[in-house]
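**Student:** Protein chains in written order, with my numbering: chain P, 76 to 187; chain Z, 12 to 126.
It is possible that some hints are incorrect.
Said to hold, decoys possible - Capping the alpha-carbon separation at 30 Å, the derived lysine-lysine pairs in DSS-like fashion look like this:
#, chain 1, residue 1, chain 2, residue 2
1, P, 146, P, 88
2, P, 128, P, 145
3, Z, 113, P, 146
4, Z, 60, P, 78
5, Z, 60, P, 146
6, P, 132, Z, 69
7, P, 93, Z, 113
8, P, 132, Z, 60
9, P, 78, Z, 121
Because the hints were derived from the structure by calculation, they are not lab data. Keep in mind the model is a prediction, meaning the values are calculated, not measured.
Single-letter residue listing:
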Amino acid sequence: DVKVTQSSRYLVKRTGEKVFLECVQDMDHENMFWYRQDPGLGLRLIYFSYDVKMKEKGDIPEGYSVSREKKERFSLILESASTNQTSMYLCASRTYRDNEQFFGPGTRLTVL
Amino acid sequence: AQSVTQLGSHVSVSEGALVLLRCNYSSSVPPYLFWYVQYPNQGLQLLLKYTTGATLVKGINGFEAEFKKSETSFHLTKPSAHMSDAAEYFCAVSDSGANFNKFYFGSGTKLNVKP
Chain P
76 DVKVTQSSRY
86 LVKRTGEKVF
96 LECVQDMDHE
106 NMFWYRQDPG
116 LGLRLIYFSY
126 DVKMKEKGDI
136 PEGYSVSREK
146 KERFSLILES
156 ASTNQTSMYL
166 CASRTYRDNE
176 QFFGPGTRLT
186 VL
Chain Z
12 AQSVTQLGSH
22 VSVSEGALVL
32 LRCNYSSSVP
42 PYLFWYVQYP
52 NQGLQLLLKY
62 TTGATLVKGI
72 NGFEAEFKKS
82 ETSFHLTKPS
92 AHMSDAAEYF
102 CAVSDSGANF
112 NKFYFGSGTK
122 LNVKP
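Next up, chain Z with everything else stripped away, as it sits in the complex:
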């Protein structure tokens, strides 16, 4: 089974600062990779996804992530944090093989944005 590691359960940045949320996965074959955001008392909303092709993926709200196969990483970044970015972020991986149906989620990173 896959495993997904998100480094840092809580990350705090100042408004306008760079946001970097880390995600590493375990997989011997290129998986499908996702970042989801969850605002308080809501479900998860897709930020961006990587399936094939360009390794730098742009998503909604100014976020982007880069798939690095050699590092088995898919870190999420945003150049300038906004107060409205405060939320919990989940990295997820889906196999492309026999376990195609299953998603594996990281434990989440709560982003706090200070004024």
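Chain P extracted, bound-state conformation:
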């Protein structure tokens, strides 16, 4: 069964902290994505990676960075968390063959 897991369901951090959100997929997918979801705005793409060590900026990359050292793992990094980064973060993966994205359960991040 297809599976995308995220390291935390809920996370509370303080302004200025460095935050790591981890995503792991077990489907040998080439592509991985990080989105943030806010009410009324749908999903907005932060970064994506089409292969190991490759990354592309999405629509809202400011304040974020990513790391993909292994095919199955894609990390989202908030270098210095701010209150406007309080959001739901969703990770997804995809294979070229199906062009269907599989989503993790999400991490609800609160920055105080």
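Given chain P, work out where chain Z should sit, using these hints.
**Tutor:** Chain Z only, in chain P's frame:
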């Protein structure tokens, strides 16, 4: 870049009534089209997708959607709503060309089902 418009951020229907959730996209070439459902505090789950072939696509839980190129629409329907259908629904589009990797999501429609 693509844009995806979902008409109505909230839709309310009675149990047993027809469900119609609207989605329009902007694209000059046939894209790939998707509907996802999100239950509270969960990730997104694929309901159905259109890539090529038959324009009427059937998905899980009795949902279906029809790709209408002339109207650039991909509306989601279900003949008879069930209480368990209450969730948020997202329409998404993926290019078939240079931006193949990117998905564009609508802002979502929350479906409420009244008993």
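**Student:** With reference to the structure, classify each hint as holding or not holding.
**Tutor:** To see whether the hints hold, each was checked on the structure:
1. In summary, the hint linking residue 146(P) to residue 88(P) is supported, as the alpha carbons are separated by about 28 Å, within the 30 Å threshold.
2. Proximity of residue 128(P) to residue 145(P) is assessed by CA-CA distance (about 8 Å); at most 30 Å being required, the pair is judged to hold.
3. The straight-line distance between the Cα atoms of residue 113(Z) and residue 146(P) is roughly 19 Å, inside the 30 Å bound, and the hint therefore holds.
4. Distance hint between residue 60(Z) and residue 78(P) is fulfilled; the C-alpha atoms sit about 19 Å from each other, no more than 30 Å.
5. Taking the CA atoms of residue 60(Z) and residue 146(P), the gap is near 26 Å; set against the 30 Å cutoff, the hint holds.
6. Restraint check: the Cα-Cα separation between residue 132(P) and residue 69(Z) comes to about 34 Å, which exceeds 30 Å; the hinted pair is violated.
7. About 27 Å separates the Cα atoms of residue 93(P) and residue 113(Z), which keeps this hinted pair within 30 Å; it holds.
8. For a cut-off of 30 Å, the pair hint linking residue 132(P) to residue 60(Z) stands: about 25 Å separates their Cα positions.
9. Simply put, residue 78(P) and residue 121(Z) have alpha-carbon atoms about 25 Å apart, close enough for the 30 Å limit, and the pair holds.
The structure fails hint 6 only (numbered hints given earlier).
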